[in-house]
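Novice: Protein sequences appear in the order of chains A and F. Taken in order, the first sequence gives residues 1 to 587; the numbers are from our numbering. Taken in order, the second sequence gives residues 1 to 196; the numbers are from our numbering.
Simulated from the structure, these hints should not be mistaken for laboratory data. We put the CB at the ideal spot given by N, CA and C, even for glycine. Check the hints yourself; a few may be wrong.
What the hints assert, rightly or not - Here are some of the chain F residues that sit facing chain A, going by a computed Cβ distance under 7 Å:
no., residue
1, ILE3
2, GLY14
3, TRP23
4, LEU24
5, SER28
6, LEU36
7, SER39
8, ILE41
9, THR49
10, HIS120
11, LEU121
12, PRO123
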Amino acid sequence: MSEPTSVATPGAHVSHEAHHEELGFWRKYVFSTDHKVIGIQYGITGLLFLFFGFCLMMLMRWQLAYPGAPLPLIGALFGESRMPGGSMLPEFYNELGAMHGTIMVFLGVVPLAVGGFGNFVVPLQIGAPDMAFPKLNMLSYWSFFLGGVTMLVSFFVPGGAAQSGWTSYAPLAVIAGTGQTMWLIGMIFLITSSLLGAINFIATIIQLRAKGLTFMRFPFFVWAQFVTAFLLLLAFPPLEAAGVMQLMDRVAGTSFFLPSGLVVSGQVLEHAGGGNPLLWQHLFWFLAHPEVYVLILPAMGIVAEVIANNTRKPLWGYRSMVYSLVFLGFMSFVVWAHHMFMTGMGTAMAAFFQTTTMIISIPSVVILTALIISLWGGSIRFNTPMLFALGFLPMFGIGGLTGLPLGLNVADIPLHDTYYVIAHFHYVVAPGTIFALFAGIYYWFPKATGRRMNEMLGKIHFFGSFICMNVVFMPMFWVGMAGVSRRLFDGGEGYQFAQPVLHLNAVSSWGAWTLALFQLPFIFNFFWSIRNGEKTDDNPWQATTIEWSAPSPPPHGNFRVSPQAYRGPYEYSVPGAAKDFVAQSEA
Amino acid sequence: MEIPYTVEVRRDTGLTNGKIGIWLFLASEVMLFGALFASYILIRTGAPTWPRGDSILNVPLATFNTIVLITSSVTMVMAWASLMRNRFSTFRLYMGATILLGGVFLVVKYFEYSHKFHDHLFPSTNNFLAIYFTLTGLHMLHVMGGMAVNAYFLGPGSKLWKTNPEWFTNRVEHSGLFWHFVDLVWIFLFPTLYLL
């Protein structure tokens, strides 16, 4: 960015100045309404929160590997109230656990996948000048930012941050300390941000798509964001309602989630009673199951883009993938209670929810299978984005298949409260979604900066992360099947039956710490490449979708001339064509 | 580059961006109040006893408030219709009436609330009052929100009428859709809480 990069960029700069007055620093980079700047803001904030959430986990892994042992070097930093003599107190462990989940899901992955990639890429891919409501977009980011700040500040209130798990189950959460109130307020900011974002995405995709870009010509990533936006729009308000009720329980003394005659520490709690703790779980999972698809669908979208581009082939079964995606979106609203088989629900209810859960696995398998078949017969380019996309396939596969026993009532009951669930869920989200997000960063980095990230560092990052992720999570399946509860502060040390698998806790922990080391090449690569990466033209990957016909980086307003779509999104290796790709916007 | 379809409709969808936006927002609002109504049903069906609304709450006042809100919906439509007929001064009249009626609703609600507090009936007293205060409180926040938006269109926002009357009319229509929704929520709240 220090010197003019190519003929294209100064030219774009001229047209930029011709149409817009130059904005000051604050309006241009901080309170910007440009979808690309907001996308990058979301992306960077999301990455920082991912890193922070990962740090919380690394602390927990020390306690799980070496329960009670004082943490060397940095243990003293956390103070006597949290780690006296460097050994972790259970309260601090609970704080770390609750906030790790909250931060990773609501402040890390979703902002990066939806707020970051969605904002940056979707308007470019549909040939739009910006989002439909640019000011709302800015408001959405800043609401998210306030939510993040609230969550961070909650570490410093008396009693520390929320300690009742990322699920905040009542009545535990209702009788917990001040941190829980902060958590609820933070969540209301985050929910507001998601709602505004979702409205914006749907309106943008329906209204601002380029001429000729019919729905069946959408890149798969746009479809994924479209369905995701509907999930956010319709699933988050019930959690908002639940959050309001829990806030009322905590602040106004109501009893929505407090049953009559509740005994806490041997004392009957003074309250009206008559509430229902299961109501919280129902409302929470009514959001949080669709939320799982909010985490995974944008990832599938990114992987589809990268795979089509690097196999130089159209996606196999594009239409079935789209139909599966839409079906999956609908079904995700009727499976939530499979998280609640342990609550003693009746067999009729359990039968209903396990049936819907088995049904919803079908569209996911269709999409994954289509992506795998897409590889068949392609001349694959193994660049960094493609490696991460390829890594996604088996990792998400393991995560998905190990989820099947959890969807069946009978198999779920012995597994549900064990590390098996942790392993299953993290295979879906960590080496699954987060690998896809890395693929997206390496893939669209040239569009955002006009420079490519370093391939060598990228490959070190990929192979290191791929091995470490499996070292972290694979042992947890064994720990879980041995019956070790996932909610123990000592990792199971106090239980006789857990002794044969305890050494695996240390394996996972060392895996996690090594995983952190392998993120260093990425962090360096990311910042170094902004200024020093290899310069690229507008379309370095020879891709077909419309975002690559904009200048890199795209100016305010994105395109020099409004693009038009003449064909489907993945016209690679068309017989008889002059090149091995025909851009969507090529007449 | 300007964002297209803020004023003119897109041919193949027949909509402006704002129209889609407000309907999506209302869809999310339906889910918000839907979840609260569902919670009400669950808590009530699980309760051994449940008071009849009219034994605690003031039905005549609420009936009056229902009439006030329905009237305000009518004046809201008249405000928009005035803009469609290019009569800005009648728009101001009807918009002012809409905001005023919203204010009347809040004042009546204030008396209802303070009467309950005076009788030592609080959200913490029992779950009927908990759901009553939560639902009507959230509804009142929506009334205030709608009034704020309408006041903006009556005051500083109305400058847009001079430069882009069509856009201004669309905006008033969207704020009207929200206002009708707020009205509709009350139409559900009234029998649920006061009469059943």
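Novice: Run every hint past the structure and note whether it holds.
Specialist: Do the hints match the structure? See the list:
1. ILE3: 6 Å, holds
2. GLY14: 11 Å, violated
3. TRP23: 9 Å, violated
4. LEU24: Holds - the Cβ of LEU24 (chain F) comes within 7 Å of chain A, reaching about 5 Å at its closest.
5. SER28: Nearest chain A Cβ about 5 Å off; hint holds.
6. LEU36: 5 Å, holds
7. SER39: 6 Å, holds
8. ILE41: Violated - the Cβ of ILE41 (chain F) stays beyond 7 Å from chain A, reaching only about 10 Å at its closest.
9. THR49: 9 Å, violated
10. HIS120: 13 Å, violated
11. LEU121: 12 Å, violated
12. PRO123: 4 Å, holds
The earlier numbered hints that this structure contradicts are 2, 3, 8, 9, 10 and 11.
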